[in-house]
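Going by my numbering, the sequence shown runs without a break in its numbering and finishes at 469.
Worth flagging that the hints you see were computed from the coordinates, not collected in a lab. All clues stand as given, with none of them false.
No more than 27 Å apart at the CA atoms, straight line, and that leaves these computed lysine-lysine pairs for DSS-like:
(1) K53 / K4
(2) K238 / K262
(3) K238 / K257
(4) K397 / K428
(5) K237 / K262
(6) K172 / K428
(7) K428 / K371
(8) K16 / K107
(9) K4 / K167
(10) K428 / K167
(11) K371 / K262
(12) K237 / K257
(13) K238 / K53
(14) K257 / K397
(15) K167 / K397
(16) K16 / K4
(17) K371 / K397
(18) K371 / K257
(19) K397 / K172
(20) K172 / K4
(21) K53 / K107
(22) K53 / K237
Derived Cβ-Cβ restraints for the label pairs, each shown as a range:
(23) S459 / M383: 29 to 39 Å
(24) S60 / A229: 23 to 33 Å
(25) E83 / G331: 45 to 55 Å
(26) R36 / S67: 21 to 31 Å
(27) A162 / E7: 16 to 26 Å
(28) D165 / S55: 46 to 56 Å
(29) L158 / S60: 45 to 55 Å
(30) G363 / G331: 24 to 34 Å
(31) L460 / R36: 46 to 56 Å
(32) S230 / F424: 44 to 54 Å
(33) E451 / S230: 48 to 58 Å
(34) K238 / G331: 18 to 28 Å
(35) A229 / S305: 39 to 49 Å
(36) G87 / G331: 49 to 59 Å
Keep in mind the model is a prediction, meaning the values are calculated, not measured. Each residue gets a CB set at the ideal place from its N, CA and C atoms; glycine is no exception.
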Amino acid sequence: MRRKIDEIIERWDDSKVRKALLITGSRQVGKTYSIREFGRRRYPGRFLEINFKDSPDACSLFDGDLSVDRLITRLSIRYPEFEFEPGNTLIFLDEIQDCPNARTALKPLADDGRYRVIASGSLMGIRMKDVGLHPMGYLVRRRMFPMDFEEFLWALNLPQAAIDDVKGSISKTEPIDNYLFRSFSELHSMYMAVGGMPAAVASFAVNRTFSGLRDIFDDLLEGYAEDIASYASRSTKKLASSCLRSIPRMLAAENKKFMYSKVEMDEGIREGSKSTGFRYFAPALEWLEMANITLTCNCVSEPVSPLEERLQTDRFRLYMLDTGVLVHMYGSQVLTSIGEGRTDVNMGAVAENAVAQAFHSQGRSLMYLSKDDPRAEVDFITMIDGRVCCVEVKSGKERSCRSLNRIMDMYGTDGLMFETRNVFVDEKGVRHYPLFASSFMDSIDPEKMIECDLSMIDSLVRRYGDPRV
Numbered sequence: 001m002r003r004k005i006d007e008i009i010e011r012w013d014d015s016k017v018r019k020a021l022l023i024t025g026s027r028q029v030g031k032t033y034s035i036r037e038f039g040r041r042r043y044p045g046r047f048l049e050i051n052f053k054d055s056p057d058a059c060s061l062f063d064g065d066l067s068v069d070r071l072i073t074r075l076s077i078r079y080p081e082f083e084f085e086p087g088n089t090l091i092f093l094d095e096i097q098d099c100p101n102a103r104t105a106l107k108p109l110a111d112d113g114r115y116r117v118i119a120s121g122s123l124m125g126i127r128m129k130d131v132g133l134h135p136m137g138y139l140v141r142r143r144m145f146p147m148d149f150e151e152f153l154w155a156l157n158l159p160q161a162a163i164d165d166v167k168g169s170i171s172k173t174e175p176i177d178n179y180l181f182r183s184f185s186e187l188h189s190m191y192m193a194v195g196g197m198p199a200a201v202a203s204f205a206v207n208r209t210f211s212g213l214r215d216i217f218d219d220l221l222e223g224y225a226e227d228i229a230s231y232a233s234r235s236t237k238k239l240a241s242s243c244l245r246s247i248p249r250m251l252a253a254e255n256k257k258f259m260y261s262k263v264e265m266d267e268g269i270r271e272g273s274k275s276t277g278f279r280y281f282a283p284a285l286e287w288l289e290m291a292n293i294t295l296t297c298n299c300v301s302e303p304v305s306p307l308e309e310r311l312q313t314d315r316f317r318l319y320m321l322d323t324g325v326l327v328h329m330y331g332s333q334v335l336t337s338i339g340e341g342r343t344d345v346n347m348g349a350v351a352e353n354a355v356a357q358a359f360h361s362q363g364r365s366l367m368y369l370s371k372d373d374p375r376a377e378v379d380f381i382t383m384i385d386g387r388v389c390c391v392e393v394k395s396g397k398e399r400s401c402r403s404l405n406r407i408m409d410m411y412g413t414d415g416l417m418f419e420t421r422n423v424f425v426d427e428k429g430v431r432h433y434p435l436f437a438s439s440f441m442d443s444i445d446p447e448k449m450i451e452c453d454l455s456m457i458d459s460l461v462r463r464y465g466d467p468r469v
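From just these sequences and the hints, can you work out the full model?
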């Protein structure tokens, strides 16, 4: 399946810079598949893959001297059938978090420049805390996410012309063609149910039904449990599991704030602790985020720029990295409701999670606003065209935006709503977009090139002379 990371890998390879490429991300988001397909296509017969999880004994190849000549000698002995051709060889170090010395070896391999090197890892932030790292100038680091809505459409073989047509209407803030609007709305509902994990998307693309998704998500959740059991500290294991299974219920509540008192803990764990506040839960919550399982959306005290200076780190909402996983955790009733296009049964939580996932995958910080007055709360706060913008998410027939209008009046912010209707601007200036438009924020807020007027340099050169002469 076509992924956006493919273009990033190709640009890195075409640049010929002496830097290794490190791709991080959650388990099962498709890192290995994309790198392997690139390697086989671009370096036929000269692509060496080493997976440290499947072959833990391969870690011994990176013990001791990490000079490139010594490393290539060891690799040649281990893989005698492989010919290391300088300038035409790609080495892929998969699951590199299981081999800290291989992570350290990326610098000499990159500096040497004879061999291209790509690495990938799922738990880099957790497993590499104690690894002595070199300055980062030798490494291009990119993060891979679950498939976004556009990648989902590619997997279903939707024509790019249709996608571009929709994005064009969004960028102009004008209604989308009615047929396209209805079609994309239905497809986005399916996307929320399936999520962006490649195995789930591939199953849906082939079968065109939700059957088979249960086993895929069960395996994924079991993988999360194994990671917690294997890599979380002893004091964090049970808390991380408890916090994870509490997310669906907290997102379904009217106040979606993560509340420590509502965590579904095993009997005896809470009673045995002297504290059950932020400090008690912080290590477990940090672990889940660093493992790329959850997304943290922090509260801001005011919708005033710079927003980062107004973060309240002890007040937050917790979303799942992948909305399909959340739907699976809710159970078959929610999956059926979404598949049938109904707007009941926790649809609000699912829609909000989908927007959070879309924002996150597009590099937007997750923030929301919550004041003491419940009439002054908005689901997300972001920057659009250099201005603070309050964002509301509506998944059902309730489309009023009183709270949004109130905040806009109080602070002079812009307003935006993702909902079930076509694109329009209301009398208050709030821009309304369909839910799926959250996946096309580059059309709503295109990156602007800032041109600098440096003509004064010419006049200074004429006045004082060219310093190169």
